[in-house]
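K.L.:
Given these sequences and hints, build the entire structure.
As they're listed, the protein sequences go chains A and B.
Residue numbering for the first sequence follows full-length UniProt numbering, starting at 1 and increasing by one per position.
Residue numbering for the second sequence follows full-length UniProt numbering, starting at 1 and increasing by one per position.
Take these hints with a grain of salt, some might be off.
[Stated by the list, open to error] Straight line, CA to CA, 30 angstroms or less: simulated DSS-like cross-link-like pairs of lysine-lysine:
{"no.": "1", "chain 1": "B", "residue 1": "K130", "chain 2": "A", "residue 2": "K61"}
{"no.": "2", "chain 1": "A", "residue 1": "K130", "chain 2": "B", "residue 2": "K57"}
{"no.": "3", "chain 1": "B", "residue 1": "K12", "chain 2": "B", "residue 2": "K29"}
{"no.": "4", "chain 1": "B", "residue 1": "K121", "chain 2": "A", "residue 2": "K108"}
{"no.": "5", "chain 1": "A", "residue 1": "K56", "chain 2": "B", "residue 2": "K108"}
FYI, nobody ran anything at the bench for these hints, they're computed from the structure.
Bear in mind the structure is a predicted one, so any value in this text is a computation, not a measurement.
One letter stands for each residue in the lines below.
There are 2 protein chains.
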Amino acid sequence: MTENIEEMLTRKDINPTAMRLLVLDFLLKQSSAISLTDLEKGLDPSDRITLYRALKKFEEKGLVHSIDDGSGATKYALCENDCEAGHHHDLHVHFFCNTCRETSCLPKHHIPQITLPDGFKTEEVNLIVKGVCNKCVQ
Amino acid sequence: MTENIEEMLTRKDINPTAMRLLVLDFLLKQSSAISLTDLEKGLDPSDRITLYRALKKFEEKGLVHSIDDGSGATKYALCENDCEAGHHHDLHVHFFCNTCRETSCLPKHHIPQITLPDGFKTEEVNLIVKGVCNKCVQ
DNA sequence: AATAGTTTGCAATACCATTGCGCTATAGTT
DNA sequence: AACTATAGCGCAATGGTATTGCAAACTATT
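P.N.:
Structure follows, in structure tokens:
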């Protein structure tokens with residue numbers, strides 16, 4: 001099990017330190033994207049900055065992607081397998097529930113092509129749908 | 001001229017105070033969305049909080065909409081005429097230039113319909129395209 | 001074991017958003 | 001015109017998030 005997690009890190013060219021194993025393990029257990037504060041609470045007592053840097057490293061190496069859902073805190077979620085360091089190509093839609101404030105990836109929903117006016121060059125697209133998720137709707 | 005600005009406010013049910021006239025006048029002169037800090041610099045010396053509340057009021061009354069472009073600071077831009085208090089329906093795409101860091105509305109580009117999985121209810125959609133704008137591209 | 005490089009934890013900093021509160025200005029009433 | 005109620009303003013203060021510097025701890029390599 002731990003073997004597996006460790007391998008996930010090494011495969012992404014990330015030194016599998018104790019901290020990072022913990023963080024990845026925690027990420028694997030999440031059903032939605034989590035913020036740094038969530039992570040800090042979940043791994044208490046841990047240094048927030050260290051967790052921050054672990055996430056940054058993961059992001060840089062293509063293991064997680066960050067999501068700005070407008071809640072004020074950046075959230076992080078594991079990438080699909082096919083992400084590479086530097087270049088994320090998990091351009092899927094993210095959903096933010098206004099009720100439970102959870103953010104989840106909708107990997108099935110790709111972001112539609114947007115054709116911009118002449119002279120504009122697209123480098124990245126961010127699509128956040130906000131509303132009520134299936135757990136909160138009655 | 002000032003008459004005109006004043007009317008814009010009263011039509012939106014906003015008391016046309018001196019401060020608010022200044023803020024709206026400044027907004028009208030912008031070619032892209034501006035942050036609170038931009039506004040503060042442009043109207044120096046003015047109290048940041050007062051400007052903040054002016055923007056909030058404008059937003060609440062459907063005169064401007066706010067944009068979270070991921071830069072960390074919320075930006076504001078005037079709405080198209082057809083916005084109502086409370087319910088903004090200017091669901092257009094916003095473009096953030098990674099070079100000049102300016103955010104502009106692309107009102108011609110409507111956000112495509114996203115069909116979510118069963119049980120999800122959409123209330124709002126946010127689409128930010130990031131890249132290089134026509135002024136910065138060579 | 002010594003060394004070089006990496007990681008960690010603490011401290012500190014910089015923004016941004018937001019609220020409380022007292023003073024002032026304005027509008028509405030008598 | 002005087003009074004009162006309401007709205008707006010400016011200052012102070014708070015809370016949250018992101019980010020960097022630095023020194024100690026740790027890891028891997030020779």
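K.L.:
Taking the hints in turn, state whether each one holds.
P.N.:
Right, here's what the structure says about each hint:
For the given pair, K130 of chain B sits about 21 angstroms from K61 of chain A by alpha-carbon distance, which is consistent with the 30 angstroms threshold. Restraint check for K130 of chain A and K57 of chain B: satisfied, since their Cα atoms lie roughly 23 angstroms apart, inside the 30 angstroms limit. Our distance criterion of 30 angstroms between C-alpha atoms is met by K12 of chain B and K29 of chain B, whose separation comes to about 19 angstroms. Our distance criterion of 30 angstroms between C-alpha atoms is met by K121 of chain B and K108 of chain A, whose separation comes to about 17 angstroms.
Restraint check for K56 of chain A and K108 of chain B: the C-alpha separation of about 36 angstroms exceeds 30 angstroms, so the hint is violated.
In terms of the numbered hints stated before, the structure departs from hint 5 and from no other.
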